[in-house]
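Engineer: Chain by chain, the residues:
There are 2 protein chains.
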Amino acid sequence: MGEALPTEITGRPFGVSLIAGERADTQDVQFDSITQASGATLQPTYTAASPAQVSEAARKAWSAFHAAGLMPPSQHAALLRPCADGIDAIGEPLVALASAETAIEPARLNAELARTTGTLRMFADVVEEGSWVDAIIDRPGAEGRPSSRQALRRMLRPLGPVAVFGASNFPLAYSTAGTDTASALAAGCPVIVKGHPLHPGTGEVVAQAIAASVLETGFPAGWFSFLHAGGGREQEIGEELVKHPCVRAAGFTGSRTGGDALTRIGLSRPDPIPVYAEMGSVNPVIVLPGALASEPEKIARRVAQSLAAAVGQQCTCPGLIFLIDGEGSDMFTKAMSAELELIEAGVMLAPRIQANYTRTVRELLALEEIKVLFGTDRVPAPPPPGKKEVAGPAMAAPMLLSVAGEHFRQHAEFLNEMFGPCALVVQCQNEQELFSCVTAFVGSLTGSLFVGDADVDRAPPFARALEQRCGRLIFNGVPTGVEVAWAMVHGGPYPASNRPDTSAVGPTAMKRWRRPVCYQNYPANLLPPELRDENPLGIERRVDGTLTREPV
Amino acid sequence: MGEALPTEITGRPFGVSLIAGERADTQDVQFDSITQASGATLQPTYTAASPAQVSEAARKAWSAFHAAGLMPPSQHAALLRPCADGIDAIGEPLVALASAETAIEPARLNAELARTTGTLRMFADVVEEGSWVDAIIDRPGAEGRPSSRQALRRMLRPLGPVAVFGASNFPLAYSTAGTDTASALAAGCPVIVKGHPLHPGTGEVVAQAIAASVLETGFPAGWFSFLHAGGGREQEIGEELVKHPCVRAAGFTGSRTGGDALTRIGLSRPDPIPVYAEMGSVNPVIVLPGALASEPEKIARRVAQSLAAAVGQQCTCPGLIFLIDGEGSDMFTKAMSAELELIEAGVMLAPRIQANYTRTVRELLALEEIKVLFGTDRVPAPPPPGKKEVAGPAMAAPMLLSVAGEHFRQHAEFLNEMFGPCALVVQCQNEQELFSCVTAFVGSLTGSLFVGDADVDRAPPFARALEQRCGRLIFNGVPTGVEVAWAMVHGGPYPASNRPDTSAVGPTAMKRWRRPVCYQNYPANLLPPELRDENPLGIERRVDGTLTREPV
Chain A
1 MGEALPTEIT
11 GRPFGVSLIA
21 GERADTQDVQ
31 FDSITQASGA
41 TLQPTYTAAS
51 PAQVSEAARK
61 AWSAFHAAGL
71 MPPSQHAALL
81 RPCADGIDAI
91 GEPLVALASA
101 ETAIEPARLN
111 AELARTTGTL
121 RMFADVVEEG
131 SWVDAIIDRP
141 GAEGRPSSRQ
151 ALRRMLRPLG
161 PVAVFGASNF
171 PLAYSTAGTD
181 TASALAAGCP
191 VIVKGHPLHP
201 GTGEVVAQAI
211 AASVLETGFP
221 AGWFSFLHAG
231 GGREQEIGEE
241 LVKHPCVRAA
251 GFTGSRTGGD
261 ALTRIGLSRP
271 DPIPVYAEMG
281 SVNPVIVLPG
291 ALASEPEKIA
301 RRVAQSLAAA
311 VGQQCTCPGL
321 IFLIDGEGSD
331 MFTKAMSAEL
341 ELIEAGVMLA
351 PRIQANYTRT
361 VRELLALEEI
371 KVLFGTDRVP
381 APPPPGKKEV
391 AGPAMAAPML
401 LSVAGEHFRQ
411 HAEFLNEMFG
421 PCALVVQCQN
431 EQELFSCVTA
441 FVGSLTGSLF
451 VGDADVDRAP
461 PFARALEQRC
471 GRLIFNGVPT
481 GVEVAWAMVH
491 GGPYPASNRP
501 DTSAVGPTAM
511 KRWRRPVCYQ
521 NYPANLLPPE
531 LRDENPLGIE
541 RRVDGTLTRE
551 PV
Chain B
1 MGEALPTEIT
11 GRPFGVSLIA
21 GERADTQDVQ
31 FDSITQASGA
41 TLQPTYTAAS
51 PAQVSEAARK
61 AWSAFHAAGL
71 MPPSQHAALL
81 RPCADGIDAI
91 GEPLVALASA
101 ETAIEPARLN
111 AELARTTGTL
121 RMFADVVEEG
131 SWVDAIIDRP
141 GAEGRPSSRQ
151 ALRRMLRPLG
161 PVAVFGASNF
171 PLAYSTAGTD
181 TASALAAGCP
191 VIVKGHPLHP
201 GTGEVVAQAI
211 AASVLETGFP
221 AGWFSFLHAG
231 GGREQEIGEE
241 LVKHPCVRAA
251 GFTGSRTGGD
261 ALTRIGLSRP
271 DPIPVYAEMG
281 SVNPVIVLPG
291 ALASEPEKIA
301 RRVAQSLAAA
311 VGQQCTCPGL
321 IFLIDGEGSD
331 MFTKAMSAEL
341 ELIEAGVMLA
351 PRIQANYTRT
361 VRELLALEEI
371 KVLFGTDRVP
381 APPPPGKKEV
391 AGPAMAAPML
401 LSVAGEHFRQ
411 HAEFLNEMFG
421 PCALVVQCQN
431 EQELFSCVTA
441 FVGSLTGSLF
451 VGDADVDRAP
461 PFARALEQRC
471 GRLIFNGVPT
481 GVEVAWAMVH
491 GGPYPASNRP
501 DTSAVGPTAM
511 KRWRRPVCYQ
521 NYPANLLPPE
531 LRDENPLGIE
541 RRVDGTLTRE
551 PV
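Protein sequence lines, in the order shown, are assigned to chains A and B. The first sequence begins at 1 in the working numbering and counts up one residue at a time. The second sequence begins at 1 in the working numbering and counts up one residue at a time.
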């Protein structure tokens, strides 16, 4: 093992993985981090974790989990707050580095930073309050329960070490210290982060803050590790992690291809593990005729801004817009085009992401059913001959395409996420065709319904269709802007996620890393503190039969 | 479509499927139900559902689900109670028929009947109380929440039509009106039951009671269908159901092969659906040295009775018993053998089940590491030459095998469920070997730990090992006897189930048929009643930030 980790957080990356509180040795496979706005190579060079290092991180997480034993929830809360403080303390260099690595503006990254540390602190509060573990105690002789039965106690218990795969588009909030990591730590699970090759420095610097907090709060050092992944090792490291016997669950945010592959690996183990994958989403926006009649231009401007935000690289980007043809829809598409025209090209997260976007858009344009409503001069150019991607900064400017409702159900490609600043307007002849088009997609993170006064009787079936297909339904609003709140659902039927019964944002995300265990006739000393008769944490608990709540 | 279903419940089967309240037409594929105790064929002959009938049931369930719209929970509760009453009303002929079809004694079936109707009534209470839907309302301006944000409301919403695959060993409690059906109806989902070919008459008679209740309570007739499956169509019907676009989830209780196959089908759809499979289980019993020293014979007798119950055909049958060699373990195995000797051979559920059991036991006996502790004269005989199974009543008598701890980890077969009245005692040299053996299995419905006064310091690591591998942990008790209670967990890591985050027994089983949906800025008329400001149901709701509960 390499050099010991300084407990101070340096705010700068060293280019090596952090395994159980120590800087790992350099390995053969190396890769660079790039300043996306200029194409310039950043220092240092990064070294991808070796198979032995992956295994070491997993085994140390396992040992740490077992060494920890029955911890009171307060201990997990105590880990989350220093993580937040540590990350806040290096906010300035962190945002500068993340902005260089991802081409995301510092202003947006500062908001993302606040959201990231805010989530860590919110989860600490939730863990201390304690009711999220769904503790239920059925005592013999409680009302409605025969006294001859044995006491049954149940609560959610931690799964063990969790592997986290962060996303390229939120280098802070869905990455090293993002909701997956925060929720797993809050749930009492050690975490191993696979670093993202598009922001390795950002990841390593955040990892320093978490690793320092682990040591500072007395957790076993193996409770957290960060593995650099890149240089051709990225996919292998993911597979090694999800196959490792010591890894008990995984969280993934990214492409459908990646999420599907990891899900399959997790399921095909002799002891299958859950992989929670949040993947692509088309985020349909339905603008009903009454809304188009009353304020088409105002709605169009909001949708345009939502589409163009973050150069269209948000998982909640509105990719499909459903309208019924008429005066209102003309005003809508013209206003949306006019608004998009004001927005210039932005630098995308990476040339490889821009190359995917370019291919997707050009494939659509090759179909005769597709028209360009706005942006004929903004069609992204294919990479130069012999190249997979453009060399320089990878730019994209917002565009708007359209397809007639009668053609919409003919090509499955229309249902794919573009992951860039381009939306497809589906222009329908009438309400029946609109309904048929809306029911073509199967799963999305969000669904937006714009409803005017004249739409009162029209709205319910559309709301119902969205409810069956989306995790979050928005009334008269755009999909971007995911609030960290108890009531949030960030998930939805496939392909939005592979586990629509869960959320990747908000406190309920913590439940993913636990499963219920029932203790029958158990003595106090073997029970988790939450389930003991004396209820030292004052947690609200449900008893059987009467279904009343017992504040004890 | 055939004859209309009489609203009175006949208590006798007609041999045809019940689709949306009507008796389906007879089809080509026919099969018989057998009196297991005698091998005699029962009347009538049964007709397996055709592919068109499967599709019809699924489409009618889908239409019913959509026609129902936003129902108040009281309506679902109102369906469950007449189902229970209807089944109770035909209890006598039902138990007689089920006993003939399954060879289970009437006394046990009467208890199972009470449990089945008790579950339906308990779920009705739970639905009316309402808190199980995890309703959360984040209002703008609530404490800890900025007033500029839009209201977010979240609750569990129904998935749609559910396909139910019941088990052979509980013809009432895990079959047509078992927990899967009861919980899906309670959750507001239409149900299509695939009848079990080992008790088709029992299934059809119970289905009559449910179908009559559906009509009586004003639900669309498609809310419930029952499809006979047998005569070579059994597997096909299962596949057709899980592949059908109108089926949105499935519940399965049975073999690992069946559960794995349906799970794969559900996942490989273009729109994957969850299949909740409760499969085989070994139910390890660990008897620590202090317990062996204090009351070896008493524990041995309890474990023997648990093993022999229902001819070893319960999913919680104790299949692996872990001991440390010594005087206590000798007394234990002798007392267990003596107790088993008092128990005579019983009729198994079917010749095909006995044939599987026979093959499993004989494969174990072929291994030189296996010794017979009790029952050398009870080794089941293989089927006659050229036959797959015995002809007459399929009998089995309890047996006890043993293997040395040092050999236990050498054969994966030792971890397989035998599904019959035979257990394997793992005889270890010391505590370290015991721990190593206990950690060999990966998932089980239950784990039992017998602990004596002298075991206080020894118990925690064993309890922890069981906690990571089991759904329910029993202290000084046997695994059989699953209580229907809020705190119950009937599930566990694979292969016990494919979804260890759920339970197949108790009110929490209802959550499997719903997923969370978040409503942002939604108007009252489009919201489910549970989430409206006026809170007509008086449901407790959580607000963001403070995490307090708001009784409204």
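Some hints could be false.
[As the list claims (entries may be wrong)] Just a sample of chain B residues kept apart from chain A, beta carbon distances all over 12 Å, derived: (1) Glu295; (2) Met331; (3) Ser448; (4) Glu483.
[To be verified] In the BS3-like style, the derived pairs of lysine-lysine whose C-alpha atoms are separated by at most 30 Å in a straight line are: (5) Lys371/B to Lys388/B; (6) Lys388/A to Lys371/A; (7) Lys511/A to Lys511/B; (8) Lys243/A to Lys298/A; (9) Lys371/A to Lys387/A; (10) Lys243/B to Lys243/A.
By construction, these hints were calculated from the structure, which means they are not laboratory data. What you are looking at is a predicted structure, and each value in this text was computed from that prediction instead of being measured. Glycine included, every Cβ here is placed at the ideal spot set by N, Cα and C.
Engineer: Against chain A, does Ser448/B keep a CB gap of more than 12 Å to every residue?
Structural biologist: Since the minimum Cβ distance to chain A is about 9 Å, Ser448/B lies within 12 Å and the statement is violated.
Engineer: Verify this label for me: Glu483/B is non-interface relative to chain A, using a Cβ-Cβ cutoff of 12 Å.
Structural biologist: Non-interface label fails for Glu483/B: nearest chain A Cβ at 6 Å, not farther than 12 Å.
Engineer: So is Met331/B really clear of chain A, every C-beta pair being over 12 Å apart?
Structural biologist: It holds; Met331/B is separated from chain A by about 23 Å at its closest Cβ, greater than 12 Å.
Engineer: Is the straight-line distance between the alpha-carbon of Lys243/A and that of Lys298/A 30 Å or less?
Structural biologist: Not satisfied, since the Cα-Cα distance of roughly 50 Å exceeds 30 Å.
Engineer: Compare the distance between the alpha carbons of Lys243/B and Lys243/A with 30 Å, and conclude whether the hinted pair is satisfied.
Structural biologist: Holds: Lys243/B and Lys243/A sit about 29 Å apart, inside 30 Å.
Engineer: Decide if the proposed pair is consistent with the structure: Lys371/A and Lys387/A, CA atoms, cutoff 30 Å inclusive.
Structural biologist: holds, 28 Å
Engineer: Could you grab the alpha-carbon distance between Lys511/A and Lys511/B and see if it respects the 30 Å cut-off?
Structural biologist: holds, 14 Å
Engineer: Taking the closest pair, is the beta carbon of Glu295/B still more than 12 Å from chain A?
Structural biologist: holds, 16 Å
Engineer: Mind checking the alpha carbons of Lys388/A and Lys371/A for me, to see if they're no more than 30 Å apart?
Structural biologist: Roughly 26 Å separates the two Cα atoms, so the pair holds.
Engineer: Does the alpha-carbon distance linking Lys371/B and Lys388/B stay inside the 30 Å limit?
Structural biologist: holds, 26 Å
Against the hints set out earlier in the document, violations occur for numbers 3, 4, 8.
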